[in-house]
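> If you want the building blocks of each chain, they are given just below.
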Amino acid sequence: MIVDSALYRDGVRVDVDCDTGDLRELRGKATGDRDFVWVGLHEPGEEELAEVAEVFGLHPLAVEDAVKAHQRPKLERYEDSLFMVLKTLWYVDEDDAVETGEINLFVGDHFIVSVRHGVGSELQPARRHLEAQQGVLDHGPSAVVYAVCDAVVDGYTEVVQSLEEDVDEVEESVFSPGRTNDSQRIYTLKREIAEVRRAVLPLREPMGRFAHGTVAGIDAEAAPFFRDVADHLARAAEAVDTLDSLLSTAFDAHIARISIQQNEDMRKISAGVGLVAAPTLIAGVYGMNFQHMPELRWDLGYFFALALMVLTSGGLWIFFKRSGWL
Amino acid sequence: MIVDSALYRDGVRVDVDCDTGDLRELRGKATGDRDFVWVGLHEPGEEELAEVAEVFGLHPLAVEDAVKAHQRPKLERYEDSLFMVLKTLWYVDEDDAVETGEINLFVGDHFIVSVRHGVGSELQPARRHLEAQQGVLDHGPSAVVYAVCDAVVDGYTEVVQSLEEDVDEVEESVFSPGRTNDSQRIYTLKREIAEVRRAVLPLREPMGRFAHGTVAGIDAEAAPFFRDVADHLARAAEAVDTLDSLLSTAFDAHIARISIQQNEDMRKISAGVGLVAAPTLIAGVYGMNFQHMPELRWDLGYFFALALMVLTSGGLWIFFKRSGWL
Amino acid sequence: MIVDSALYRDGVRVDVDCDTGDLRELRGKATGDRDFVWVGLHEPGEEELAEVAEVFGLHPLAVEDAVKAHQRPKLERYEDSLFMVLKTLWYVDEDDAVETGEINLFVGDHFIVSVRHGVGSELQPARRHLEAQQGVLDHGPSAVVYAVCDAVVDGYTEVVQSLEEDVDEVEESVFSPGRTNDSQRIYTLKREIAEVRRAVLPLREPMGRFAHGTVAGIDAEAAPFFRDVADHLARAAEAVDTLDSLLSTAFDAHIARISIQQNEDMRKISAGVGLVAAPTLIAGVYGMNFQHMPELRWDLGYFFALALMVLTSGGLWIFFKRSGWL
Amino acid sequence: MIVDSALYRDGVRVDVDCDTGDLRELRGKATGDRDFVWVGLHEPGEEELAEVAEVFGLHPLAVEDAVKAHQRPKLERYEDSLFMVLKTLWYVDEDDAVETGEINLFVGDHFIVSVRHGVGSELQPARRHLEAQQGVLDHGPSAVVYAVCDAVVDGYTEVVQSLEEDVDEVEESVFSPGRTNDSQRIYTLKREIAEVRRAVLPLREPMGRFAHGTVAGIDAEAAPFFRDVADHLARAAEAVDTLDSLLSTAFDAHIARISIQQNEDMRKISAGVGLVAAPTLIAGVYGMNFQHMPELRWDLGYFFALALMVLTSGGLWIFFKRSGWL
Amino acid sequence: MIVDSALYRDGVRVDVDCDTGDLRELRGKATGDRDFVWVGLHEPGEEELAEVAEVFGLHPLAVEDAVKAHQRPKLERYEDSLFMVLKTLWYVDEDDAVETGEINLFVGDHFIVSVRHGVGSELQPARRHLEAQQGVLDHGPSAVVYAVCDAVVDGYTEVVQSLEEDVDEVEESVFSPGRTNDSQRIYTLKREIAEVRRAVLPLREPMGRFAHGTVAGIDAEAAPFFRDVADHLARAAEAVDTLDSLLSTAFDAHIARISIQQNEDMRKISAGVGLVAAPTLIAGVYGMNFQHMPELRWDLGYFFALALMVLTSGGLWIFFKRSGWL
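Chains as they are written, first to last, in the numbering used here: chain X, 1 to 326; chain P, 1 to 326; chain D, 1 to 326; chain G, 1 to 326; chain U, 1 to 326.
Bound-form chain X, shown alone:
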């Protein structure tokens, strides 16, 4: 589905006298030196993308990748055009889950085609923002590439922050006095972190190339801007690594706590057993059938025995309390 398509001239969106959906004609109008066309697609069908590919002369291998999605983040050159794959990430609060999408960019002479997969990470806000800023789109497709990378990496930062909050919650739960089973939560978080890592890590290499201004087809003057994005990317990668190793430690602490609780339970249980076993022994003693047992004939023998039981149990109770077993 074509979400939006437009011709930009001198950095400004130009009204054209043709249907912007007619990409061939639209492209034909980009005759000026600094004209370019930006076509935005969302989950295009194979045929739709084939048409776009024909108009802009996209390489079949790149097009195949863009249809299938589920690519690794990468930057590739096909003859005179660039093909870039970015993984988009967003955090779904309801599920405490990270979801992934994908953006493919075809960058060529006087055109950029963006293909988006998944529901999150829309590009329209980025386009509006670019159109609203003066002089930015003047830099041609490079500006769009920068804007998309910036938006995607900002998305990573947000996801990382949400994960940091999740890890804080897990941490609190692990060290709370209550009896919690945190292992599934930790596992799920580790799984999500692996997901984030698979989006973030492979992107560092292409972003670094942008930051060094050595990618043909990308304005070298944009390098400081890409350096900024590369920096945010590095920060996200570091944060994710830290979270992963914190979770491992939290897991160990979780295991330690289970052991400690088991120990405490065991001691409580044995104290409880002791509280019952002692009076049972006393009852057993006075249940013996010896002919000569003075206490048995005491008027208050029975009460004496009961008192003995209570005192013994009480004494044990105090003893266990003091030594921390109850």
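None of the hints are false.
Where chains are identical, the list cannot tell them apart; a pair therefore holds if satisfied intra-copy or between any two copies.
Derived lysine to any residue pairs resembling SDA-like cross-links, with alpha carbons at most 25 Å apart:
no., residue 1, residue 2
1, Lys74, Gly213
2, Lys321, Ser173
3, Lys68, Val136
4, Lys29, His42
Since the hints were made in silico from the structure, they are not lab data.
Dock chains P, D, G and U against chain X, hints included.
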């Protein structure tokens, strides 16, 4: 065993007026600039391969490797021909197991010899597919190398997907409420992942060289295609790494669950002990032989005692239920 | 907030006949070859920093980073000025916690602007110290960069020392005979070490570049001094790595101790059960109702039974003591 | 001890008219362009080696290394001769243990001196084999270096295979239903794997240099052969890494099994306690001394009580069996 | 404190007609091309070192490092002199502990100044040894640097051997049948290994530079000798890594043994409980008050009951013995 052998001219399989099993004659017919012979062998005997080696002038060290199988994936140049070893992987559903085979390719001027070991990963479909596509075999042996690599790496992707499903199952089992023993399953999966890794990782280097178009004897124009394969390979490698570390975490979770279950069992057990110990104490008390024990003379003393027992046990039951011990 | 701003000429602070808060005029006075202005800001607002940026021609991306703080340590060149980010660390004794701040340096021709975030790591002492030393500020902004880096890295060393003391404490606690729960303490320390690592590690690359004297705008003669700082940084990084792996081992030892204590408790408990169960059995025996039980008629039968109980329990007590169960 | 020494001319062992033990004279006879002397020593004394060193002009540092053994595998150039250290490994079936020896090679113009330490890995078979093959020793000392490296690395492969069998046994033991204590076996295997790794890993660098044909003094034409050895070495290194990580996982599985068995034991024990505690309670009840207890007067009261006990225990038995506790 | 200072000419210690403590005069005498002065200091005060620094023109930053000690091992060039820091290690048998010291070397034209910190690793024996060997000191300060490095690295080897013995002891203790608490010992060893690693690892880089003969001021002809030292250093580093990972495995085995022992204890305990609970039940049965209980009237009823108890317990004893619970 020679599975198939044919002469290709201008990308098309040519009918020859000799027995295609007579390799020497077949080779003699590949006189055109873009002619080449493709011989496909399956687990050839030492003598059979020696004959083929003589016809095509294969290097003895490479031939030795091709007979023995169990080589590491690699790409080597022997004088004017290339020798490539690929590990093939396929997933056997019945056993939930990964099996491995091996493909050796000898690539030279006007010929390619493929040697396959193991039952899976047949090459005939790939040959048929190549023959059916127009203009592809036109690129000579390079096209065959690409087709084989592509098929092999697609096999990796499928195996990785099956392993991902297995890991999902393990995960579900680990976090299911039931009492499962997942350690052997996890161990077996880790072992299979190690197998996959040994096939995938060493292949990255030669595939990268293909992707950079720097291997003499391989058409540099095929580089973008090999880049695609290299990309899939990288994806498989990453996925396998992720699976491995997820399994480690799942194992830890498994251990944590064992501990937690043990703790729960212990508490149930002690609650059970408590339910019996309390009435036993009561019985012990009324089994004492004091001469003055008022209850013993009550008409309903016995029933009173029984009621006391039931009440005590019932009270404990409620208490343990409420505190989560039963 | 402008903390201090001054003009230095030939390494000496010069009294100017204008308000030092009027940066534009102050900068105008730095006309000599070796004159430079040093402006120190503390958590400036966006507008305040914008003014400073205008006066000194700072790059908008760098300024944005300086406002937001929470950057990665880095060194970047924007046209003809340098932008450096350093994380500052200090140890808060009351909380046994590591806190972080940030220092941003803009270094250009005849000026240096330092922007500090957070309460710790003040720069005024460093400025006073520099002004007090003869001939140092003579080297221009490079001397200030060195002084700031030196102070920041000294701060790292102090923090690492405090963490080493904390680890020593944890170690002592883990191996003390008492029953301690060290896992939260270890977790917190690991978390702080991760914090330190995020400050220290990324700084090594820029510091190495200073130490090699290859950063344009920084006096190559200062290289040996930066080498010294780089060395301290490397030492801090190594120490932090060692601490991290010691903590992991301490954690394992903590877990081992929990297991051992549980085992000891279990044996104590069972010994206790034994001490009660044996006399209970004896009481049971003499509670049997056989008509012919000689002991029951003994005059001292009861005392014999009691003595038997005490002897049995006493014997068990000695046995358990000897075998280390009590 | 000189094991063997001979003069080779045009790849053939030549009968000389002097004592082959008189190395000076033997060396003097190696006058032809493709003549060379091969001296094989086994654990030579310091003096013996000093003599050999004098004859062939070996470097004192290399000689010192060759006397002491216990060197790291390495390849070093001393002026115009090469010095190589290889660790030999062999598996002693009786002890399931890996033993190590050492081979030192001095390679120079027209001579090669091999020094062997340890009982395994004899070189005489390799020499016989070389002498039996036509045209191989024609390549001079390089052929001997290749043959020795090949034999040593083949030894590694055999050791790795034996270790793989050991790991299979451990694996089987870990997952067998029996109660096995595998931790010492796993530890010993890990220790042996560390031994193997110390022999294998440092050898990769020199073998890689041979395989690239860039070592002066070694025939560049032998490169494909060394590439083969390097490949086997890489395979051994990979296999060893895989074994090591499999053992770690097996260890974890071992720990998990201990926990699970403990849990099962605990449940069996508690079920057993339950089977005894219930009838004890019943006996307690009928041991009470109430004057009005109807059952006590029943003719079959006693048998009723016994039946009650058996029924209760039997019911519990079935219950525990069904819930998997017995 | 100046330990020794002397003038060497043509490799021989020369008697000078001035106080060797008067360094300025001593230095003045080193006029020959191959003359040099070697000053050995032990824990010099700040002033003492300042004087030496003035005489030999040492760089203030290097001098500061030499006073403070606690530096990282490193090799640095300050203008025309070299500054080297080495960590010395020695093993104190009484404490089973590794202690560290430090040696600083200032190497310049015609002089070498060695500064030693800590009680171990004296340099005087090395000096005597050098003076006793003919022709070695002829190579000037390089020979001293080599001798010091060699002595220091030999010290590492000794420490590593002592640690290997300690690890063997720990290993034996872990796998001994007795009940040992090895975790503190393992922790301490890991801590010492970390100490050793911090001395050994950073030294590899400078030693490698010496071994390549690329350090200005160090005789390139000494390279093979430094290569030897570098080799020993590499061996020590490898050995330390192996020890560290063996200790980790030993720790795991220690934990496994604790679990197994706990399991065995638990089974012993339950068997013990069983041995007492069974006769208690029997006693309970014959303590019931039924009017019709045939056994109660038997003449030998009591002995029958006692025999029953003994038989039951004995039977259980045999059963538990056979199933390995006792």
